[in-house]
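Asker: Take these sequences, add in the hints, and give me the full structure.
FYI, in the numbering used here the residues of the sequence shown are 765 to 905.
Keep in mind that a hint or two might mislead.
In silico EDC-like pairs for lysine to aspartate or glutamate, Cα to Cα no more than 16 Å straight-line [claimed, not checked]: (1) 842 <-> 804; (2) 882 <-> 867; (3) 798 <-> 863; (4) 829 <-> 807; (5) 780 <-> 768; (6) 880 <-> 868; (7) 798 <-> 835; (8) 787 <-> 807; (9) 767 <-> 807; (10) 787 <-> 768.
Across the chosen pairs, the derived CB separations fall in these ranges [as the list claims (entries may be wrong)]: (11) 817 <-> 771: 15 to 25 Å; (12) 866 <-> 786: 31 to 41 Å; (13) 881 <-> 795: 24 to 34 Å; (14) 775 <-> 877: 31 to 41 Å.
FYI, nobody ran anything at the bench for these hints, they're computed from the structure.
The C-beta atom is built at its ideal place from N, Cα and C for all residues, glycine as well.
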Amino acid sequence: MWKDLAIERLRKSKFKLTPQRFKLLEIIEKIGYKHPTICEVHEQIKLDFPTMSFSTLYSNILNLKKLNLLELLNLFGKTRIDINVRPHINIVENGIVRDLNDDELIEKIEEKIGRKVKIVNVIVESECIKCEKDLYMLSPL
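Answerer: Set out below in structure tokens:
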């Protein structure tokens with residue numbers, strides 16, 4: 765679904781759909797929901813296109829951003845891809861990024877700041893409940 769939209773926008777913008785670009789779209793559609801780092805995407809694309817440089821990949825990703833197909837997040841010093849371009853909240857838990865879509869919360873933010881919000885990326889760090897349980901199980905009585 766995301767890939768189809770990306771192909772449509774690329775064609776309308778007169779970008780050629782090269783094999784490398786098509787593979788990039790496949791990779792992003794497959795792992796984009798995980799908010800992969802650009803380095804992770806580069807590792808994946810190099811499996812099929814070993815000579816593709818990081819700068820070529822990065823410029824292609826920037827073009828996708830210009831076409832409003834993705835956002836770039838800087839989390840913990842790494843640039844990550846976010847294919848959810850709707851206003852949303854990113855929840856970070858143990859290095860895993862998940863989306864929270866909450867239109868009511870977005871509306872409240874818009875009311876507070878007095879203008880429409882294009883993109884909202886609020887990062888909430890929390891402790892993992894499973895980790896707390898694991899710690900409890902490991903701690904001596």
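Asker: Tell me, which hint numbers fail for this structure?
Answerer: Going through the list in order, the structure violates hints 4 and 9 and respects the others.
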